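2 protein chains.
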Amino acid sequence: MFHLPKKVALEDVTLRDGLQNEDRIFSVHEKLALVRDLIASGVKRIQIGSFVHPAWVPQMSNTDKLFQRLPKNPNVTYTALALNETGLERALRTGVKHLYLGISASETHSRKNNNCTVSEAKKRIVKLIKRTKENNVKIRAGIMMAFGCAYEGKIKEEKVLDIAILYHSLEVDEIDLADTAGLANPKQVFELVTKIKAYTGDIPVSLHLHDTRGMGLANLFAGLHAGISTFDASIGGLGGCPFIPNAAGNIATEDTVFMLSEMGIETGIDYLKICSATKQLETLLGKTLPGRMCHLSENKSRTT
Amino acid sequence: MFHLPKKVALEDVTLRDGLQNEDRIFSVHEKLALVRDLIASGVKRIQIGSFVHPAWVPQMSNTDKLFQRLPKNPNVTYTALALNETGLERALRTGVKHLYLGISASETHSRKNNNCTVSEAKKRIVKLIKRTKENNVKIRAGIMMAFGCAYEGKIKEEKVLDIAILYHSLEVDEIDLADTAGLANPKQVFELVTKIKAYTGDIPVSLHLHDTRGMGLANLFAGLHAGISTFDASIGGLGGCPFIPNAAGNIATEDTVFMLSEMGIETGIDYLKICSATKQLETLLGKTLPGRMCHLSENKSRTT
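Protein chains in written order, with the numbering used here: chain A, 1 to 304; chain B, 1001 to 1304.
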């Protein structure tokens, strides 16, 4: 048989992993409209942006301003990404209550994305995590390229476990395994998650999946079977790291919600409302997004 | 843990389920070129076409002629679809050694696709199967809409099992569960396959999956876990029944081969060669197909 949870929490990463890969820069006003649509659809965790250098990722340069204007809602967790000290200090000034801090399991990606070795990145993130905890901000600690690297190919499981051990020792609130380049396969997801969870039993593990090779929902299914109940997704399947070739496409929020709902797993999210938001985003971007459910004409007939 | 087979057999259905949904009618010459490409890629089972009335599916009207000109290859099984007596007699005249005969588990689909009730369809297929066996032709007996109907929604498991029991009693060579409308979810695939296999233990069960809702490879994974080792696929993910709204898209042969290969499962198929065939098909059709692997620029770096 297989294991499935009764409920799944989805963190919508459209505003960060989605928009960072688009040429069009969204205004604070436009991003706020998207946040409101996500909340109206029932999304409870929203990744608002990242505190990275505006020269590197100009799409995220209004993240500080955006945080000042987010709708107050005690049921919604707003979170963001910070990768270095400068970013963390900017984040803390916004009063953010939840942050995503992460390092890469790949030496090449670490150099390209963060300009340091994995070992140096570990030293840095220990400082960042401690500083974040001092400010009573919850931490989701990410391991990028956990399932393979766009530059290096296979990543040894020990390298991933090694970072998870560090996070566990620092008592972070959640550990996220990110398939940053969309290279994971379901067998690998099941095996790696099982190994990581065997070590970090008391700390929840989440998955960040890309659908680059069409295996996104297969990997989600393998993750559920391995005991994961928190996943990232973006509306329409927008997404991808700007520094990784062909990494485009997180798993689509609406497709994920639909699949989970069909299997009797609650998310609290109305996938038809997400489909409407995706349609609006497609209009703004002037292109069709890879998500499936928003393009099916009969999707009027089903609700979550 | 989960179960995975060491080898998987893929039946390529591009020439039938793929091409029947396209406006463009492919000549015998063009279809033969595709057959040769599939064989060169390592495909061992090829669904060549269907023996249906040319007024209904004109794309399949040259199936008889095509059979006369297929390359002789003892390692390759050529097969085709027949849905009624006239079609079966046409098929038998070609000297075909393997046939797909099938009925629908949905009353509405049965009426629309075959102009009869499920009960009448059962009576008819008993005759077809007996006539086929008399001619020493192997039979893959299909259950269409096994996981849900585009018109009716849910299909009771008993209706599917009931047809499987009939097929089992007639000693067909393989039973195929077809997710004709792409409505299956992985939990359902695992559960229904497990129930069917518990009854038909000695007869192999195969799966025909569509990726309409992005769950195609997740369903494949669930099928593997439930003990299935034969699946249909079409290059580029071409496909869909012309009489079902939004049914488009079998699972893509290249994406399926890639995922299986990444999990250490052999198919004997070179997915890069399939990617080339998909690119040629896209040129002929003048459109981009949904398969993922053929559109990744770095796919040069990996072989099956």
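Because the hints were derived from the structure by calculation, they are not lab data. The structure presented is a predicted model; accordingly, all values stated were derived computationally and were not measured. Beta carbons: idealized from backbone N, C-alpha and C, even for Gly. Certain hints may be false.
Unchecked claim - Distance ranges between label pairs, derived from CB positions:
{"#": "1", "chain 1": "A", "residue 1": "GLU89", "chain 2": "B", "residue 2": "GLY1227", "range": "25 to 35 Å"}
{"#": "2", "chain 1": "A", "residue 1": "HIS29", "chain 2": "B", "residue 2": "THR1288", "range": "27 to 37 Å"}
{"#": "3", "chain 1": "B", "residue 1": "LEU1284", "chain 2": "A", "residue 2": "ARG24", "range": "31 to 41 Å"}
{"#": "4", "chain 1": "A", "residue 1": "SER276", "chain 2": "B", "residue 2": "LYS1287", "range": "24 to 34 Å"}
What the hints assert, rightly or not - Straight-line Cα separation of at most 27 Å, DSS-like style, residue types lysine-lysine; simulated pairs:
{"#": "5", "chain 1": "B", "residue 1": "LYS1197", "chain 2": "B", "residue 2": "LYS1154"}
{"#": "6", "chain 1": "B", "residue 1": "LYS1273", "chain 2": "A", "residue 2": "LYS154"}
{"#": "7", "chain 1": "B", "residue 1": "LYS1273", "chain 2": "A", "residue 2": "LYS7"}
{"#": "8", "chain 1": "B", "residue 1": "LYS1154", "chain 2": "A", "residue 2": "LYS156"}
{"#": "9", "chain 1": "A", "residue 1": "LYS72", "chain 2": "A", "residue 2": "LYS123"}
{"#": "10", "chain 1": "A", "residue 1": "LYS123", "chain 2": "A", "residue 2": "LYS44"}
{"#": "11", "chain 1": "A", "residue 1": "LYS287", "chain 2": "B", "residue 2": "LYS1007"}
{"#": "12", "chain 1": "A", "residue 1": "LYS195", "chain 2": "A", "residue 2": "LYS7"}
{"#": "13", "chain 1": "A", "residue 1": "LYS195", "chain 2": "B", "residue 2": "LYS1006"}
{"#": "14", "chain 1": "B", "residue 1": "LYS1156", "chain 2": "A", "residue 2": "LYS6"}
{"#": "15", "chain 1": "B", "residue 1": "LYS1197", "chain 2": "B", "residue 2": "LYS1006"}
Evaluated hints:
The supplied range of 25 to 35 Å is broken by A:GLU89 and B:GLY1227, whose beta-carbon atoms lie about 55 Å from each other. Between A:HIS29 and B:THR1288 the C-beta distance comes to about 34 Å, which sits within the given range of 27 to 37 Å. Between B:LEU1284 and A:ARG24 the beta carbon distance is about 34 Å. The supplied range of 31 to 41 Å therefore holds. For A:SER276 and B:LYS1287, the Cβ-Cβ distance of about 27 Å falls inside the hinted range of 24 to 34 Å, so the restraint holds.
For the given pair, B:LYS1197 sits about 20 Å from B:LYS1154 by alpha-carbon distance, which is consistent with the 27 Å threshold. Proximity of B:LYS1273 to A:LYS154 is assessed by CA-CA distance (about 23 Å); at most 27 Å being required, the pair is judged to hold. At roughly 42 Å between alpha-carbon atoms, B:LYS1273 and A:LYS7 are farther apart than 27 Å, so this suggested pair is violated. Between B:LYS1154 and A:LYS156, the direct Cα distance comes to roughly 44 Å. Violation of the 27 Å bound is thereby established for this hinted pair.
Simply put, A:LYS72 and A:LYS123 have alpha-carbon atoms about 35 Å apart, too far for the 27 Å limit, and the pair is violated. With a CA separation close to 32 Å, the supplied pair A:LYS123 and A:LYS44 exceeds the 27 Å bound. Simply put, A:LYS287 and B:LYS1007 have alpha-carbon atoms about 39 Å apart, too far for the 27 Å limit, and the pair is violated. Among the hinted pairs, A:LYS195 with A:LYS7 is consistent with the structure: their alpha-carbon atoms are about 22 Å apart, no more than 27 Å.
Between A:LYS195 and B:LYS1006 the alpha-carbon distance is near 23 Å, which keeps this suggested pair within the 27 Å criterion. A hinted pair counts as satisfied when its Cα atoms are at most 27 Å apart, and B:LYS1156 with A:LYS6 qualifies at roughly 23 Å. Restraint check: the Cα-Cα separation between B:LYS1197 and B:LYS1006 comes to about 19 Å, which is no more than 27 Å; the hinted pair holds.
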